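Take the sequences, apply the hints, and build the full model.
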Amino acid sequence: MYEPQRLHPAAILEFLIGNLYNLFKSLLPFIIVVFGQTDLRKGFLIVLPLILLLYIFYIIIYWLRYVYYIQDEELHLEYGIFVKKKRYINFGRVQTVQISSGIIQRLFGLVKLQVETAGGGDKAELILPAVSKKRAEELRDILESKRSLKAQKFQETEKEEEEEEPAKIFRLSTRDLLLLASTSNSIGVILAGFFAIFSQLDEIFPGLNIWEIIKTYINELAGKTITVILLIVLAIFLLAWTLSLLENFLKFGGFELRREENNIKINQGITEKKQLTIPIKKIQAIRVVENVLRKPFGMVSIQVVSLSNVGAKGEASVLFPIIPQNKVQEFLELVLPEFAIPLETNPLPLRARPRYIIINLIPAMLGTILAIYYSPYGLFAFLLWPLAIGLGIIQYRDAGFNIQNNKLLLSSRTLGKVTTIVPRQRIQSLAVSNSYFQLKRKLTTLRVAIASGEIAASKKLVGMDKEECARISKWYSEFSYSP
Amino acid sequence: MDFLDTISGHQIDKKAISYWRLSGLLGSVLYWLIPLAYYGALRLWNLPSWILYIIIVLVLLLTLLEITVIPNILWKTWRYDVSKHQLELYHGIFTKYRTLIPMVRIQHVDTVQGPLMRHFGLSTVTVTTAAGEHEIPALADEVAAELREKISVLARVVEEDV
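Top line first, the protein sequences correspond to chains A and B.
Sequential numbering from 12 applies to the first sequence in the numbering used here.
Sequential numbering from 493 applies to the second sequence in the numbering used here.
By construction, these hints were calculated from the structure, which means they are not laboratory data.
Hints should not be assumed to be uniformly reliable.
Unchecked claim - Some chain B residues close to chain A (C-beta under 8 Å, calculated; not the full set):
(1) Phe586
(2) His600
(3) Val604
(4) Gln605
(5) Thr621
(6) Ala623
To be verified - Covered by chain B, per the in silico footprint, the following chain A stretches (three or more residues, Cβ under 8 Å):
(7) 94-101
(8) 426-434
(9) 443-450
(10) 482-489
Given the structure is predicted, the values throughout are model-derived calculations rather than measurements.
We treat Cβ as the ideally placed atom computed from N, Cα and C, and that holds for glycine.
Structural data, given as structure tokens:
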């Protein structure tokens with residue numbers, strides 16, 4: 012165990028098959044091209060076994076160099092032929108140890124061991140594709156015994172906090188539910204669905220010739236007045252919109268969110284009931300998101316950023332689908348006091364504004380040049396300029412930050428405004444940068460990295476005052492001195 | 493004193509310059525495919541040939557930059573600093589970055605060495621947090637190993653969830 016160990020030779024098979032599939036996928040276009048030409052095909056059939064042989068040889072060496080061992084409370088893995096990699100995983104960092112067996116492993120009576128830390132990505136940080144069952148269990152016991160100490164410690168602290176106030180419940184009012192359903196963006200999706208069904212019909216009933224029917228129908232229509240056509244288009248949109256409304260009504264109907272000691276529980280759905288439990292300690296950050304359609308009603312949605320496996324993708328990120336803007340503060344204080352912070356922000360210095368305007372104006376200018384060059388009505392593109400400038404000014408106005416105790420709030424807007432709240436201990440790393448243009452103006456860009464299941468959920472704020480940025484990074488550093 | 497201009501901490505290995513020169517030279521082979529492709533297109537269709545000369549000049553300039561000035565500036569601007577509680581990285585040519593990574597947040601440390609780097613006896617140290625990776629490029633093998641060891645020890649002292 013403490014000496015470098017190789018995997019069971021069956022791992023060669025596992026590597027071979029796993030990599031062969033990838034290799035085939037990437038070479039597929041090439042193979043198709045080669046097979047298209049008769050004279051090339053013969054040569055290819057001769058070369059192919061050679062390549063395969065070379066490849067098997069490569070995998071065997073890869074296996075020979077794939078070793079693992081335990082040293083100083085760390086699991087070490089070394090591998091790679093051309094690029095040598097060494098990976099050390101400290102026992103305390105291990106999140107899950109998974110033992111599984113696929114077809115290859117079962118043939119040889121082996122198992123696959125996967126060790127995951129909180130690092131991002133969908134692949135486990137350390138994979139031992141073929142080890143004996145006994146060895147895997149040994150390793151798991153070693154890894155988990157070190158971890159359980161920590162888990163116990165955690166439980167103790169949790170108990171102390173237990174005797175707290177009763178659960179807090181937030182529901183969705185019917186008015187809000189209707190507003191949510193009617194402003195959901197799935198109209199486009201449903202329209203696309205219509206087209207998909209049309210084209211499928213074409214394939215299922217080849218005799219039907221759906222496009223032909225539509226064409227004659229449109230030809231017929233063309234003879235009629237323009238109002239009729241408009242009415243039909245309108246009717247289709249209305250139908251799509253009604254369907255979308257219904258779909259979202261069923262999905263979010265009966266929405267109820269309650270805070271229990273260490274979890275948030277969400278119930279939703281009318282036909283298909285869904286329950287979701289989000290452990291508070293898995294929440295990395297909270298986002299208050301403004302949707303352009305719902306902005307006029309003063310409504311926003313609240314999302315969570317968390318480390319995967321909270322639920323299905325997309326849905327899991329919505330904590331509260333629609334809430335009046337002026338209620339957000341109250342909601343956070345009641346349900347998530349860990350993330351409550353005044354939502355008013357400190358503005359950016361005025362000298363940061365030109366950048367926000369220019370960044371929007373440049374595409375508008377380029378678009379105008381192209382439009383004038385290619386279209387007789389190109390001059391209308393000048394109308395984009397005030398729009399771009401306006402957007403820039405609004406983006407500047409809505410960018411800001413706030414710090415309170417150990418929480419940081421950053422808000423910015425591309426089209427909809429997004430406000431991110433992250434506690435200091437949830438910021439994985441913090442980067443301050445200044446570009447060549449910012450240098451003279453004493454401006455900086457602040458970027459905080461937040462852990463999340465899939466995409467990097469980092470948040471940045473462009474054009475902060477240098478001193479303010481220094482203050483924030485000092486605030487962040489101090490935390491690491493006094494955890 | 494300005495906190496972004498403060499250049500303190502360790503520099504990366506001076507051999508990094510030679511390494512970047514060589515890798516830049518090898519990498520620039522890819523740029524030369526552009527004029528080649530345009531030359532091919534020129535023979536097939538009737539396109540202005542002066543564009544070819546412009547492309548060649550630009551690619552030549554880029555190649556020269558990659559093997560002369562850029563490696564030097566990169567080396568000059570890179571700094572890293574390890575304290576008991578955090579890792580600090582400074583780098584960047586036009587945009588300067590200063591990154592703070594608390595030891596508590598570090599999940600694991602790797603050293604990576606490609607064939608070119610091995611030739612120079614250099615390794616890259618990669619630090620992974622739950623939100624992604626950070627690199628300290630081109631350190632001498634022994635320095636990299638030592639740094640990996642050091643960070644690994646410091647990162648394990650404080651145990652905390654995520």
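Tested hints:
Taking 8 Å as the C-beta contact cut-off toward chain A, the hint placing Phe586/B at the interface holds, the least distance being around 5 Å. Among the interface hints, the one on His600/B holds; its C-beta lies about 5 Å from the nearest C-beta in chain A, closer than the 8 Å criterion. Nearest Cβ of chain A to the Cβ of Val604/B: about 6 Å, under the 8 Å cut. The hint holds. Proximity of Gln605/B to chain A holds as hinted, the smallest CB-CB distance being about 5 Å (cut-off 8 Å).
Among the interface hints, the one on Thr621/B holds; its C-beta lies about 4 Å from the nearest C-beta in chain A, closer than the 8 Å criterion. Residue-level restraint check for Ala623/B holds (minimum Cβ-Cβ distance to chain A is 4 Å; threshold 8 Å). Note: the stretch 94-101 of chain A has 8 residues with beta-carbon separation from chain B under 8 Å; the three-residue rule is met and the coverage holds. Look at the stretch 426-434 of chain A against chain B: 0 of its residues bring a Cβ nearer than 8 Å to a Cβ of that chain, fewer than three, so the hint is violated.
Counting residues of the stretch 443-450 of chain A whose C-beta sits closer than 8 Å to any C-beta of chain B gives 5, which meets the bar of three, so the coverage hint holds. Counting residues of the stretch 482-489 of chain A whose C-beta lies closer than 8 Å to any C-beta of chain B gives 3; at least three are required, and the coverage claim holds.
The structure fails hint 8 only (numbered hints given earlier).
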